[in-house]
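K.L.:
Given the structure of chain A, go ahead and fit chain B onto it with the hints provided.
Chains A and B, in that order, give the protein sequences. The opening position of the first sequence corresponds to residue 1 in my numbering, with each subsequent residue numbered one higher. The opening position of the second sequence corresponds to residue 1 in my numbering, with each subsequent residue numbered one higher.
It is possible that part of the hints are untrue.
Straight line, CA to CA, 20 Å or less: simulated SDA-like cross-link-like pairs of lysine to any residue [said to hold, decoys possible]: (1) Lys20/A to Gly142/B; (2) Lys34/A to Gln74/B; (3) Lys34/A to Met44/A.
Partner residues aside, some chain B positions facing chain A, computed with beta carbon under 8 Å [claimed, not checked]: (4) Gln13; (5) Phe21; (6) Lys27; (7) Tyr28; (8) Asn30; (9) Leu33; (10) Leu75; (11) Cys77; (12) Ser78; (13) Tyr81; (14) Glu89; (15) Glu93; (16) Val95; (17) Pro140; (18) Asn326; (19) Pro330.
Stretches of chain B that chain A covers, calculated by requiring three or more beta carbons in the stretch to come under 8 Å of a beta carbon on chain A [said to hold, decoys possible]: (20) 65-72; (21) 148-161.
By construction, these hints were calculated from the structure, which means they are not laboratory data. Please read these numbers as outputs of a predicted model, since none were measured by experiment. Beta carbons are placed, not taken as given, at the ideal position from N, Cα and C, and that holds for glycine.
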Amino acid sequence: MSKFDSEERASIVSMMHDPKRARPQFIRNVDMDKVVDALLRLSMEVSVIRDRLDIHEALAEQHGIAADAVESFVATPEIEARRRERRERLVRGVISDLR
Amino acid sequence: MTVPMNKLYRPTQEEHARQGFVGALKKYVNGELERDVVRRYHDELAPAFNAKHGHDATNRYEAIPVLEPDPDFQLWCSTVYSSQDLLWETTGETVDRLLPQFDQRAADIEANPKRLGTLQLDPKLELPQPIGSTEIHRQPGGYFYRQSQADLSAALLYMGSVEIYRTAKGFGQIGDPCDTSSGRSLAQMLSGKYPELAPQRVLDMGCGVGAMAMGLKQAWPQAEVHGLDLSAPFVRFAHLWANDLGLELHMRQADAANSGYPDGHFDVIVSQILFHETWHDKLPAIMREAHRLLRPGGVFFNIDTPYQPDRIGIPEQVLNNWQVTNNGEPFWVGFSETAVQKEMLQAGFDPAGVFATYQAIGGGREFFLFGGQK
Numbered sequence: 001m002s003k004f005d006s007e008e009r010a011s012i013v014s015m016m017h018d019p020k021r022a023r024p025q026f027i028r029n030v031d032m033d034k035v036v037d038a039l040l041r042l043s044m045e046v047s048v049i050r051d052r053l054d055i056h057e058a059l060a061e062q063h064g065i066a067a068d069a070v071e072s073f074v075a076t077p078e079i080e081a082r083r084r085e086r087r088e089r090l091v092r093g094v095i096s097d098l099r
Numbered sequence: 001m002t003v004p005m006n007k008l009y010r011p012t013q014e015e016h017a018r019q020g021f022v023g024a025l026k027k028y029v030n031g032e033l034e035r036d037v038v039r040r041y042h043d044e045l046a047p048a049f050n051a052k053h054g055h056d057a058t059n060r061y062e063a064i065p066v067l068e069p070d071p072d073f074q075l076w077c078s079t080v081y082s083s084q085d086l087l088w089e090t091t092g093e094t095v096d097r098l099l100p101q102f103d104q105r106a107a108d109i110e111a112n113p114k115r116l117g118t119l120q121l122d123p124k125l126e127l128p129q130p131i132g133s134t135e136i137h138r139q140p141g142g143y144f145y146r147q148s149q150a151d152l153s154a155a156l157l158y159m160g161s162v163e164i165y166r167t168a169k170g171f172g173q174i175g176d177p178c179d180t181s182s183g184r185s186l187a188q189m190l191s192g193k194y195p196e197l198a199p200q201r202v203l204d205m206g207c208g209v210g211a212m213a214m215g216l217k218q219a220w221p222q223a224e225v226h227g228l229d230l231s232a233p234f235v236r237f238a239h240l241w242a243n244d245l246g247l248e249l250h251m252r253q254a255d256a257a258n259s260g261y262p263d264g265h266f267d268v269i270v271s272q273i274l275f276h277e278t279w280h281d282k283l284p285a286i287m288r289e290a291h292r293l294l295r296p297g298g299v300f301f302n303i304d305t306p307y308q309p310d311r312i313g314i315p316e317q318v319l320n321n322w323q324v325t326n327n328g329e330p331f332w333v334g335f336s337e338t339a340v341q342k343e344m345l346q347a348g349f350d351p352a353g354v355f356a357t358y359q360a361i362g363g364g365r366e367f368f369l370f371g372g373q374k
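Chain A with its partners taken away, still in its complex shape (with noise of 0.2 Å):
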């Protein structure tokens, strides 16, 4: 039996979540009335995206899609290139809040 057999395997997302790893400070004046503008956008942007997927979801099943048609589909090109299109502009968004 090698060294390491007896350890109980820690997950990489538990590792990331350790103390030990706390984050520096870099920003020395917070603006929280920017966080808060930031928080609030996000916040939106989630909410506007559950309200489209309920559609969905409901429509979907009106045409007798099964659920777990969602993770077996495979995005076209196209599609990967419209969302990063929108992830850009979301990110864009937040951070010239934060600005």
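P.N.:
Relative to chain A, chain B alone:
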């Protein structure tokens, strides 16, 4: 049905969406936001420095205190740091979930007596410091991390993080990892530069998870291709992955400065991003070893980061310095300040063939290329 390793790495739709977001975030903060910080330095901060001191800042040590109080610079630091944490957390989520499947696939391949190529691990290898204790790119646990002899998570995490960058730039999709095109491009470049080259034995020093070595084998099927790395999980993963691609590769866990191969064993020795992830004190010994391992006339060819101080502006040097201090690139500056041509000459390479140059590769990004002939 057996699923090959490069088809096993399949993020769920949610993991895929998170990783896609991280890719977009990194593209923005390392691109547009970084360019804005540099522009602000030139347009506002540098003229203010000149007005106060009567001269421009001439090096990064003068420019660091100019940029540090700036809110845009601080926001850049904060978002780059966050994006790196999110990179590891979202990749780690996929790796934690898929690890048992990779372990099973690895066990199946290792149980096959007809598996291709060789894998030579060295359990007694002492990792050179500070390399062995450094988390390059702040990858949790680093390149050498394992909780059992069979733990492949360090290799999977590395591969998954590369996937996020590749996908964010629009090269391929997440879920189609293990891209070997870098090796094929390199073979093409070498054949262009050395038209007489017909390699019989090739070594990739610091081969990582083996992507470039595999591309070299695809480009030069007649050649015996070897890969060497300090990380046991990386070379083991490369051996398994090569088998899934039907490629005969010879992987070895060893120190590039003390590889254990015989004199004059190779026609070609290559490396990609080895030297900026290696403590610069090791560089002369690695170059001497490469020279020892090449046959007379053999080719040494390296691809690395183009961040030499005479090549980039003062504010870019400050940003690089921040990456060195805060974001897991501790060996960056040591390498960028090393005169590689001088080191290659001291290692014994033919002065007529030694070169160091800058060239755009693949998607247009510029790299630092250097090498020589024995």
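K.L.:
For every hint, state whether the structure bears it out.
P.N.:
Status of each hint after checking the structure:
{"no.": "1", "hint": "Lys20/A to Gly142/B", "verdict": "holds, 15 Å"}
{"no.": "2", "hint": "Lys34/A to Gln74/B", "verdict": "holds, 14 Å"}
{"no.": "3", "hint": "Lys34/A to Met44/A", "verdict": "holds, 15 Å"}
{"no.": "4", "hint": "Gln13", "verdict": "holds, 6 Å"}
{"no.": "5", "hint": "Phe21", "verdict": "holds, 5 Å"}
{"no.": "6", "hint": "Lys27", "verdict": "holds, 7 Å"}
{"no.": "7", "hint": "Tyr28", "verdict": "holds, 5 Å"}
{"no.": "8", "hint": "Asn30", "verdict": "violated, 11 Å"}
{"no.": "9", "hint": "Leu33", "verdict": "holds, 6 Å"}
{"no.": "10", "hint": "Leu75", "verdict": "holds, 6 Å"}
{"no.": "11", "hint": "Cys77", "verdict": "holds, 4 Å"}
{"no.": "12", "hint": "Ser78", "verdict": "holds, 4 Å"}
{"no.": "13", "hint": "Tyr81", "verdict": "holds, 7 Å"}
{"no.": "14", "hint": "Glu89", "verdict": "holds, 5 Å"}
{"no.": "15", "hint": "Glu93", "verdict": "holds, 6 Å"}
{"no.": "16", "hint": "Val95", "verdict": "holds, 5 Å"}
{"no.": "17", "hint": "Pro140", "verdict": "holds, 4 Å"}
{"no.": "18", "hint": "Asn326", "verdict": "holds, 7 Å"}
{"no.": "19", "hint": "Pro330", "verdict": "violated, 15 Å"}
{"no.": "20", "hint": "65-72", "verdict": "holds (count 3)"}
{"no.": "21", "hint": "148-161", "verdict": "holds (count 5)"}
Hint check: violations occur at hints 8, 19; the rest are consistent with the structure.
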